[in-house]
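A.B. asks: Construct all of the structure, not just a fragment, from the sequences and the given hints.
There are 2 protein chains.
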Amino acid sequence: MNREESVGRMCFMCIITLPTVPASHSLEVQAKAATSPPSPPPSCSLFLSLFLSLSPLSQTPTMASSSSLSLSQALLTRPTSLPSSTRPSLPSFSTLRATSSTRLSLSLPSASRRRAATVTASASVKTVEKVPADVALIEKSINTIRFLAVDAVEKANSGHPGLPMGCAPMGHVLYDEVMRYNPKNPKWFNRDRFVLSAGHGCMLQYALLHLAGFDSVKEEDLKEFRQWGSRTPGHPENFETLGVEVTTGPLGQGIANAVGLALAEKHLAARFNKPDNEIVDHYTYAILGDGCQMEGIANEACSLAGHWGLGKLIAFYDDNHISIDGNTEIAFTESVDSRFEGLGWHVIWVKNGNTGYDDIRAAIKEAKAVKDKPTLIKVTTTIGYGSPNKANSYSVHGSALGAKEVDATRKNLGWPHEPFHVPEDVKKHWSRHIPEGAALEAEWNAKFAEYEKKYKEEAAELKSIINGELPAGWEKALPTYTPESPADATRNLSQQNLNALVKVLPGLLGGSADLASSNMTLLKSFGDFQKDTPAERNLRFGVREHSMGAICNGIALHSPALIPYCATFFVFTDYMRAAIRLSALSQAGVIYVMTHDSIGLGEDGPTHQPIEHLASFRAMPNILMLRPADGNETAGSYKVAVLNRQRPSILALSRQKLPHLPGTSVEGVEKGGYTVSDNSSGNKPDVILIGTGSELEIAAKAADDLRKEGKAVRVVSLVSWELFDEQSEAYKESVLPAAVSARVSIEAGSTFGWEKIVGPKGKAIGIDRFGASAPAGRIYKEFGITKEAVVAAAKELI
Amino acid sequence: MNREESVGRMCFMCIITLPTVPASHSLEVQAKAATSPPSPPPSCSLFLSLFLSLSPLSQTPTMASSSSLSLSQALLTRPTSLPSSTRPSLPSFSTLRATSSTRLSLSLPSASRRRAATVTASASVKTVEKVPADVALIEKSINTIRFLAVDAVEKANSGHPGLPMGCAPMGHVLYDEVMRYNPKNPKWFNRDRFVLSAGHGCMLQYALLHLAGFDSVKEEDLKEFRQWGSRTPGHPENFETLGVEVTTGPLGQGIANAVGLALAEKHLAARFNKPDNEIVDHYTYAILGDGCQMEGIANEACSLAGHWGLGKLIAFYDDNHISIDGNTEIAFTESVDSRFEGLGWHVIWVKNGNTGYDDIRAAIKEAKAVKDKPTLIKVTTTIGYGSPNKANSYSVHGSALGAKEVDATRKNLGWPHEPFHVPEDVKKHWSRHIPEGAALEAEWNAKFAEYEKKYKEEAAELKSIINGELPAGWEKALPTYTPESPADATRNLSQQNLNALVKVLPGLLGGSADLASSNMTLLKSFGDFQKDTPAERNLRFGVREHSMGAICNGIALHSPALIPYCATFFVFTDYMRAAIRLSALSQAGVIYVMTHDSIGLGEDGPTHQPIEHLASFRAMPNILMLRPADGNETAGSYKVAVLNRQRPSILALSRQKLPHLPGTSVEGVEKGGYTVSDNSSGNKPDVILIGTGSELEIAAKAADDLRKEGKAVRVVSLVSWELFDEQSEAYKESVLPAAVSARVSIEAGSTFGWEKIVGPKGKAIGIDRFGASAPAGRIYKEFGITKEAVVAAAKELI
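Protein chains in written order, with the working numbering: chain A, 1 to 798; chain B, 1 to 798.
Watch out, some of these pointers could steer you wrong.
It does not matter which identical chain is used: a pair holds within one copy or between any two.
[Said to hold, decoys possible] No farther apart than 35 Å at their CA atoms in a straight line, the calculated lysine-lysine pairs in the DSBU-like style are these:
no., residue 1, residue 2
1, Lys155, Lys456
2, Lys155, Lys781
3, Lys428, Lys456
4, Lys701, Lys756
5, Lys456, Lys524
6, Lys531, Lys463
7, Lys447, Lys524
8, Lys404, Lys657
9, Lys732, Lys684
10, Lys223, Lys476
11, Lys155, Lys657
12, Lys684, Lys503
13, Lys368, Lys787
14, Lys701, Lys155
15, Lys223, Lys787
16, Lys463, Lys711
Don't read these hints as lab results, they were simulated from the structure.
Predicted model, so just to flag it, every value in this text is computed and none were measured.
C.D. replies: Written out as structure tokens, the structure reads:
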């Protein structure tokens, strides 16, 4: 039984009785005694309120309080700088369950609740006053986080101090009290995942990783914040800093990644957990800000999270009412709460996120108790909390405070220390996470050993997913084709590949943005991943391309051999380009199955016909743009895509039927470009015809015609420019000899970039205008994407 | 006083009395008597319910009813095809005001309300029974719309019949009863705007335009649906079909365009309307489906619409529970109603959109009465209504019904006619829109003549916006610079241009996605466009890039000389690429002010540093990608952008300071590429150095060094490849002579595409990897984007 489960079982009726708290219920003691049989769960809600609020700072049970802050530090009042005529009223939250409820007030008074003058019982106040020292240490720890952020930004003279200063309390509670991780093995499989969706506040995460003992963020790394070659870049980057799960900064992406991480957990738990051994069991936490909330991708992802009932996703909304342009009242006056309730989330409001530590704890407890819905904890904070002149203004969002204001902030928060100083007691306090993390992992390893004994096959499969191993010989499952195989659209051939691969790749799962029957992405041997059927592997994203991509990034980065694929029409990569770019940057090997890849889709017209898309992805770093021409090339594209776990692939696939061409091969695709047919000798053809995808057939037919006229013609498939670029100069020369300048390319897309391939004397046949609505054959003819055009161009060049 | 205003003034207390309806209140009579003084507004809500529901089908007041449909035609029952384990419950709508309320039931019973058995007064039923003929004609008209769609899709054997069949009733009510337009002048300024956000259902709009008498959609056009060169393409395209306001199809774009259209109306009304003459006064209507609702862009745009209080925006949500992948229950179970209420919209539910004509009318009336909020009318419909075997399934969404099912549908709906037949009485009925439309425009013209007499200056300004005229000599306002002007970032120079231009361009307005102070886009002489200050010109989009672009498309397409600009970091064009592509396709001359255009932004790191973006836009048709190097080039870029009203422009601007270079010019920018400096003669330099934007300075410095060593060096600025491509061959040869193969380009972005410029013997210096987090100077050095690299490359080539 895990910690959260015991907390989840509560009695909601009893809200008055205050039982004695046994020492064995302290979190710390629990963590240390993790392998012993668990104590019986308490059965009273008030008891549990206390239970979860127990500070692990001491060896004895304590009651936390936030009473030591002076009123001058509580910068909650917001100036209303807008003229009254343009000032919308603040949204009201009357329907929300705030955590400062009567029940909690009884046991856990905090500064905010005292301000609200709703303390209804005095007994508990007495209890609080017994243990002021621990609260002081918590606040010291929180101020350590704040000043590490302030000092790092100040030294870099660049960065975002406002968020870390406001979110330090929730960050502290998460990393110090709630989350399970092992600092010395940041990749431990069963760790809780944390995503800072408001990535600009990365100093918060770096400070927390530093305090928690992660080797990736030492003191010298903090001092090198935002400098060349450092491990502490300007936004969190999973490929630079161990302990960072995903790459954030572009707003809204992180929360969608978090949905993907939580989906992965729910899926793997459903597949592998046994009644006697819940081997997959972690939470996913995220912090998102007002900026994330405004982005459409966040709404898409959160709608799906609600639909899927991702109960172990807990998102903190840093509600500080400030974005770069000033008070959010100028552009963001919706009721986020109502929206999230509409999206099927459980919503909690922590009114005082600056000092209401107990409220934050209580909210997390409540969130964990809600098993069938994700939870949004709206935490009202003050951006730049503690800065006497800049808090609660946009000026603290994205610039260093400046020496004078840093001094004033030090005075205001009572922080006499040098820059980057971590007080000894804070250091000592956090030091327990190293042994505790090791213990957590050891406990889980023991659990896995048990699991392996009883469930051998499942254990092997799970292990391969965790370790990123592909089963030996998996590629033999790829279908093969001959020129005699019936002509087919590459989107259909893609489905044959997906259905063949899913039988041998335990980590393959995916789906389409409401185009499964057009993209041909359904896995026939599986049902739909839904709230109540999470072990299935067909994902139904709805018409939400952008979040689909970002969710797949989260899935891919959850476990090395989870291989997510996702699909829409190729033209709609425009909707998800920011997520695709993050796949490339964050080395998430997502497979993008993009069908209807040209004017060949016909009647839907120019809004649906990609033109510039191939070029636009060929220009993007660290991504493979593949455009297979037939069955073997489709299989080859999947082979490449599956093998490239740290480089995403885009497969551009046809709507229309294509013949299987003699000479195409999986091996050819692996080289990116290769000779499909050739009747020349001595590497000196009269002309080279180069095609990709559906136009390779046209090149081949043109070659037939030219050969009949006695020409020596080579046909080259350039299925992936990136892979071809990586080949040796000798290989490239063997395919495209420098001496042969008579080159004609044909591709139903922009000619932009083709000069590199055909050279100044060659001719690129393509489309440099928008498409048109008509049957495909007619458009090809009208646009001159024809065999005749290739033959004519070749003759001009020979 | 306009029609809506009189309707708006109502007494909400009186809901029982049923007064006699005077003939003079029929809509038709009102329209004909438009220039006479208006009748005093009625003061009783029930009276008004009736007033608005009066059918304009007859010359006498009528009570409409939907009673003539047989029960077999009411296909409202939805099969639940999902296994119960994965079937989420339908969202409940208990908090909604449905239009089948008691008050309305009293006066306007409809089929749906009879099913609900809530008819509480019989008097009105009697009234209804008096006029069945009119209802029959309405239904005939609606079935005409349905079968025009069915027949056109059938003939094309391609298209989407489901939506037109389900939405025909709301389409009919809008185009026949509610909207004000002039079929013979589809561009009449004060027309109501209609956007079919669910663009795949375009046959609905084509059928409506055809019936209403628009010359753009004749019978032969319907028969050429989706064929080469026709005016009825596969999705609505404003540049192909007069009467279509914007280009839709990519989901979610249309509703965001509609927000832009409604914003434009609110803005112009605030600027130009006078208490005695409301010269700008129209509604914006939209139909969006489940697909649009799922898209993040729609949520962004609707959040802004709520924030701005766009009371004259009325959106119909075609709630048919079917998307391409099947029942929306598999991916879309949120409460749209709660979400929209959270977004600040007024929400109405029409439970029976198939036959509840009165409910649709009543909902529109209610929507118009709500002045300070946009309204979402959720209309529950049956996709493919009338098709006995395919209605209410995804199979009717995007394919022809097939001959057999077309026959069955004809039988089911009692439609004996040949394909494309419009019954004579339906034709006659709709024929009044031509004279009525002419009268509406004439009335408005008279109103404008009055306006012009009293408000000469305003009238001239409004006229210029309506007619797309730029004030003579506007370009003289552009600032000029000399090499002695202080170095500055082009983003700052951009702000100087914007602030200079706004003084001479009455149609210029715009803003940033929460980066105004970074993008430098604030218009200093104006305040913020807000709910209560809509005459101002600074738009605050919040962090909503995608809808920002689409809203600007709507503004640009509202009136020819409205010139919207919008801004974010250049890398975040990824978030809005689908909207930018639609600017290009739909010929909306939006100006995209994209700052922080390279690694030059420094510490924010690779998530924020564009690499492939210049190439990706150079590959896109009909868009100008401009990257100015200094003050004069920034002014030149604005000159080009303002002049190109049918081609959007993207300005890539630096975060960092740049010097004003000798030799740059506005005229040079207009040619796209030009020689900035040259010490060669005879058009035969030793080497040509080519740069753009911030790297032109590096090229110039390298040239200085090379010239000191005695080389003949030309420096070329290639600020816009598209404009350069459009120059004569002679001009191009004068800048980049074919004989000079020693060419070095430098640009802090992908080298993809540069082979075309530098040729196979040249060298392109750029960045073909992701960026890094560090101070800008360090990154430039580490990535080799330096003067030294240019000099070295040049020496290798000379």
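A.B. asks: So, for every hint listed, does it hold in this structure?
C.D. replies: Comparing the hints with the structure gives:
In the homo-oligomer, the alpha carbons of Lys155 and Lys456 never lie at most 35 Å apart, since the shortest distance is 53 Å inside one protomer and 59 Å across protomers. Taking identical chains as interchangeable, the C-alpha atoms of Lys155 and Lys781 lie at most 35 Å apart only when they sit on different chains, with a minimum of 22 Å there against 63 Å within one chain. Taking the closest pair of Cα atoms, Lys428 and Lys456 never come within 35 Å of each other, the shortest separation being 42 Å inside a single copy and 78 Å across copies. In this assembly of identical chains, Lys701 and Lys756 lie within 35 Å of each other by CA distance both inside one copy and across copies; the values are 24 Å within and 28 Å between.
For the identical chains of this complex, Lys456 and Lys524 are intra-copy neighbours only, at 26 Å inside a copy versus 70 Å across copies, given an alpha-carbon limit of 35 Å. Taking CA atoms no more than 35 Å apart as the test, Lys531 paired with Lys463 passes inside one copy only; the shortest distance there is 25 Å, against 57 Å between copies. For the homomeric pair Lys447 and Lys524, the shortest alpha-carbon distance inside one copy (34 Å) is at most 35 Å, but the shortest distance between copies (65 Å) is not. Taking the shortest alpha-carbon separations for Lys404 and Lys657, only the inter-copy value of 26 Å comes in at or below 35 Å, while the best intra-copy value is 69 Å.
In this assembly of identical chains, Lys732 and Lys684 lie within 35 Å of each other by CA distance both inside one copy and across copies; the values are 14 Å within and 33 Å between. Within a single copy, Lys223 and Lys476 get their C-alpha atoms no closer than 51 Å, and across copies no closer than 51 Å, so neither meets the 35 Å cut-off. Within a single copy, Lys155 and Lys657 get their C-alpha atoms only as close as 61 Å, which misses the 35 Å cut-off; across copies the closest is 22 Å, which meets it. When the C-alpha separation of Lys684 and Lys503 is checked against a cutoff of 35 Å, the pair qualifies neither within a copy, at 45 Å, nor between copies, at 64 Å.
Taking CA atoms no more than 35 Å apart as the test, Lys368 paired with Lys787 passes in neither setting, with 63 Å inside one copy and 58 Å between copies. Taking the closest pair of Cα atoms, Lys701 and Lys155 come within 35 Å of each other only across two copies (32 Å); inside a single copy the shortest separation is 65 Å, beyond that limit. Taking the closest pair of Cα atoms, Lys223 and Lys787 come within 35 Å of each other only across two copies (31 Å); inside a single copy the shortest separation is 62 Å, beyond that limit. With identical chains, the CA atoms of Lys463 and Lys711 are never at most 35 Å apart, being 56 Å at best within one copy and 65 Å at best between copies.
Hints 1, 3, 10, 12, 13, 16 from the list above are not met by this structure, while the remaining hints are.
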